[in-house]
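Chemist: Here is what each chain is made of, one letter per residue.
2 protein chains.
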Amino acid sequence: MEQLKEKIRREGIVLSDKVLKVDAFLNHQIDPRLMQQIGEEFARRFRDEGVTKIVTIEASGIAPAVMAGLELGVPVIFARKHQSLTLTDHLLTASVYSFTKQVESTIAISTHHLSANDRVLIIDDFLANGKAAKGLIALVQQAGASVAGLGIVIEKSFQAGRQELEAQGFRIESLARVRSLEGGQVQFVD
Amino acid sequence: MEQLKEKIRREGIVLSDKVLKVDAFLNHQIDPRLMQQIGEEFARRFRDEGVTKIVTIEASGIAPAVMAGLELGVPVIFARKHQSLTLTDHLLTASVYSFTKQVESTIAISTHHLSANDRVLIIDDFLANGKAAKGLIALVQQAGASVAGLGIVIEKSFQAGRQELEAQGFRIESLARVRSLEGGQVQFVD
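Going down the list, the sequences are from chains Z and E. At position 141 of the first sequence the residue is numbered 141 (my numbering), and the sequence of numbers has no breaks. At position 171 of the second sequence the residue is numbered 171 (my numbering), and the sequence of numbers has no breaks.
For reference, chain Z alone in the conformation it holds in the complex (with noise of 0.2 angstroms):
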């Protein structure tokens, strides 16, 4: 998706060999005309799954997975790393090890709002190692939902992400995949 790469040329923040800081319009600051796209994009790629319900996580997840389920008409619902006063019962959970936090934390979603008749496109910020995805893809198949496919996104696509999930089937759409953050530089595959 050429408006995002370009974004992230000229807003993304190489901090290391394997960090990309997209704190300008993604993780901290939002772009909302360009998570609008990135929902449309999200739309037109899956338009045909059959996709009834959007899976993402907090926080970095929310913005893109709204807009998507805006394009696609269904509902949005972000699993929760944090435990709170209203979500209490009735809990699918996973376990998940944060790369950019470097803590291992549960994540959760209610078993109210997934059901089996559920057809589930998830949606994500950054594929990496793919440890994210594979906690929310657990809870889908918790739930007895089945997976559409994910929505990525930036891919870094130096890591194993893609690679472990393509080779348990499931479809990967990433709107920009990084080959490479070396020497500071952005470079994408293709």
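Mixed in with the good hints there might be a few duds.
What the hints assert, rightly or not - Quick list of simulated restraints, FRET-style, between CB atoms:
(1) 164(Z) to 103(E): 32 to 42 angstroms
(2) 168(Z) to 103(E): 34 to 44 angstroms
(3) 180(E) to 179(Z): 51 to 61 angstroms
(4) 112(Z) to 142(E): 34 to 44 angstroms
(5) 106(E) to 48(Z): 43 to 53 angstroms
(6) 164(Z) to 16(E): 43 to 53 angstroms
(7) 171(E) to 115(Z): 40 to 50 angstroms
(8) 93(Z) to 103(E): 11 to 21 angstroms
(9) 163(E) to 95(Z): 41 to 51 angstroms
(10) 189(E) to 183(Z): 52 to 62 angstroms
(11) 3(Z) to 103(E): 37 to 47 angstroms
Because the hints were derived from the structure by calculation, they are not lab data. Note that the structure is predicted; figures quoted are calculated from it, not measured. Where a beta carbon is used, it is the ideal one built from N, C-alpha and C, also for glycine.
Put chain E on the given structure of chain Z with help from the hints.
Modeler: Showing chain E alone in chain Z's frame:
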């Protein structure tokens, strides 16, 4: 806002005299079309305020804030509650006690995205005692920016938040104002 009140009546769950659970469309599952209508309503109410940025707080503020940002054509910043590898330096911070999570936490915004020239609309999902709102106001004021007002999705009018913030001179626009949750019934103001 009538669509919102209707949604609260139909899908809100009264957990106690003080806690209203709206996990079905705002705090866990999100209704994207309703969020769009909420964003349009915030934009309508604050259109003439010269807003340059929207500030909210992760996670439940993000969806309504991004829709309002789309409509007003301005970027959205979400304050972080948790430390991230990519959000490390040049932080504005404030301390906030969360009623629903019953923990004190530090919220943070990077100085990179907020300047003294900004006029900020603060958006949040709930206003109860005003702790989160005051934390966000403190962050905006630390940046030297001005507060255009507060846009709240659901106000618990039986708690002191609105009163205290209005006494400090802030404009508050709440799209649904809950007068009482007693007896398991949602009663709105008016």
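Chemist: Quick one: which hint numbers does this structure break? Sort them smallest to largest.
Modeler: Violated hints: none; all satisfied.
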